[in-house]
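Engineer: Sequence lines, in order, name chains A and B. Here the first sequence stands for residues 1 to 201, where the numbers follow the working numbering. Here the second sequence stands for residues 1001 to 1070, where the numbers follow the working numbering.
The hints are simulated quantities; they were obtained by calculation from the structure and are not laboratory data. Please note that a few of the clues may not be correct.
Per label pair, the in silico range of CB-to-CB distance [what the hints assert, rightly or not]:
(1) Lys54/A x Ala1024/B: 40 to 50 Å
(2) Asp1026/B x Asp12/A: 23 to 33 Å
(3) Asp107/A x Asp1044/B: 30 to 40 Å
(4) Ala113/A x Arg1060/B: 32 to 42 Å
(5) Asp12/A x Arg1029/B: 42 to 52 Å
(6) Val153/A x Arg1064/B: 34 to 44 Å
So, partial list: chain A residues that the calculated Cβ filter (under 7 Å) puts toward chain B [unchecked claim]:
(7) Ile27
(8) Arg31
(9) Ala32
(10) Arg35
(11) Thr36
(12) Ala109
(13) Val112
(14) Gly136
(15) Leu167
(16) Val169
Backbone N, C-alpha and C define an ideal beta-carbon position, used for all residues, glycine too.
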Amino acid sequence: MSAQVRPARVEDPARDVEFKHSLVALIPQLRAFARTLTGDATAADDLAQDAMMKAWDARASFQMGTNMKAWTFMILRNQFYSEKRRSWRQSQLDQEAAERTLVAIDDPAAPVALDELRQGLGMLPPEQREALILVGAGGFAYEEAAEICGCAVGTVKSRVSRARRALQVILESGAYDRDGRAAGEAMGSILAHAERLSGAR
Amino acid sequence: MSFDALGGMILRMAAKPPSRRQPALDEARLRQQAIGAKLRQMFDDVVNEPVPDEFLDILRRAERTGPGEA
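Please construct the entire structure, taking both the sequences and the accompanying hints into account.
Structural biologist: What follows is the structure, given as structure tokens:
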């Protein structure tokens, strides 16, 4: 290797300090992304820590001045999928908790219960969930979300809109219960309905 | 409008059940806004939590090992 070629892992304390400063500032965001993605505070912090360390280890490959938030979110997201087989979120829907959330919507502008929303997010396919979180809460443009997810912009748009529709159906599912059908049966039809709305993956 | 006609109209309005099966488009939009607001709140609530010390401890340890061993 010639002396002119700057190796990727060259020690650059000033750059490291700057990188670390930016990374630390992003920790709250990474925790929030992990939490909404996994729905579990402990698993989320493990995931966020893993992502933070992966970002630190890969700091030489980061181009300073580019979108570090999107870069770290991509790392976290990839980490999530590589560990997904452990399937935190895939864990069975808590039927009892789900049944408790079956309430009719009398006022469409009424605030959504946090538990209900958490439950609803957990019922979405992960691709839809992440797209909705990135665009609907993370403050990313569709284009940025597409880069993070490694898919086309149109794909992100359709995932977000499917997620929104499916969430609404899930959250409004209380109407089924009011009709006098068993809550368990209602839950089944909600899931089927949401599935139809979401279409084939 | 006669008094009877007005009374009948009021009765009909009062008897009209809330439309739950076919929510109007406006209702759907309001609902979407409510869901969106809650989603952002859910996310921001975590953003506003204090970061556990563990995060900075781990980073500090990694920093000390140096880039060669990272």
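Engineer: None of the hints should be skipped; say for each whether it holds.
Structural biologist: Do the hints match the structure? See the list:
1. Taking 40 to 50 Å as the suggested C-beta distance range, the pair Lys54/A and Ala1024/B conforms, at roughly 47 Å.
2. In this structure, Asp1026/B and Asp12/A break the distance hint of 23 to 33 Å, their C-beta atoms being roughly 56 Å apart.
3. For Asp107/A and Asp1044/B, the hinted distance range of 30 to 40 Å is not satisfied, since their beta carbons lie about 23 Å from each other.
4. Under the hint 32 to 42 Å, the C-beta atoms of Ala113/A and Arg1060/B, about 39 Å apart, fit the expected range.
5. For the pair Asp12/A and Arg1029/B, the supplied restraint of 42 to 52 Å holds, since their beta-carbon distance comes to about 51 Å.
6. The given range of 34 to 44 Å is respected by Val153/A and Arg1064/B, whose C-beta atoms sit roughly 42 Å from each other.
7. A hinted interface residue such as Ile27/A counts as satisfied when its beta carbon comes closer than 7 Å to some beta carbon of chain B; here the least separation is about 5 Å, so the hint holds.
8. Proximity of Arg31/A to chain B holds as hinted, the smallest CB-CB distance being about 5 Å (cut-off 7 Å).
9. At a threshold of 7 Å, the smallest CB-CB gap from Ala32/A to chain B is about 4 Å, leaving the interface hint in force.
10. This hint holds: Arg35/A has a C-beta 5 Å from the nearest C-beta of chain B, less than the 7 Å allowed.
11. Against a cut-off of 7 Å between C-beta atoms, the interface hint on Thr36/A holds, since the closest Cβ of chain B lies about 6 Å away.
12. Checking Ala109/A against chain B: minimum C-beta separation of about 5 Å stays under 7 Å; hint holds.
13. A hinted interface residue such as Val112/A counts as satisfied when its beta carbon comes closer than 7 Å to some beta carbon of chain B; here the least separation is about 4 Å, so the hint holds.
14. Among the interface hints, the one on Gly136/A holds; its C-beta lies about 5 Å from the nearest C-beta in chain B, closer than the 7 Å criterion.
15. A distance limit of 7 Å between C-beta atoms decides the matter here; for Leu167/A the minimum to chain B is near 6 Å, and the interface restraint holds.
16. Violation of the interface hint for Val169/A is found here, the shortest Cβ-Cβ separation to chain B being roughly 10 Å, above the 7 Å cut-off.
Violated hints for the displayed structure, listed by number in ascending order: 2, 3 and 16.
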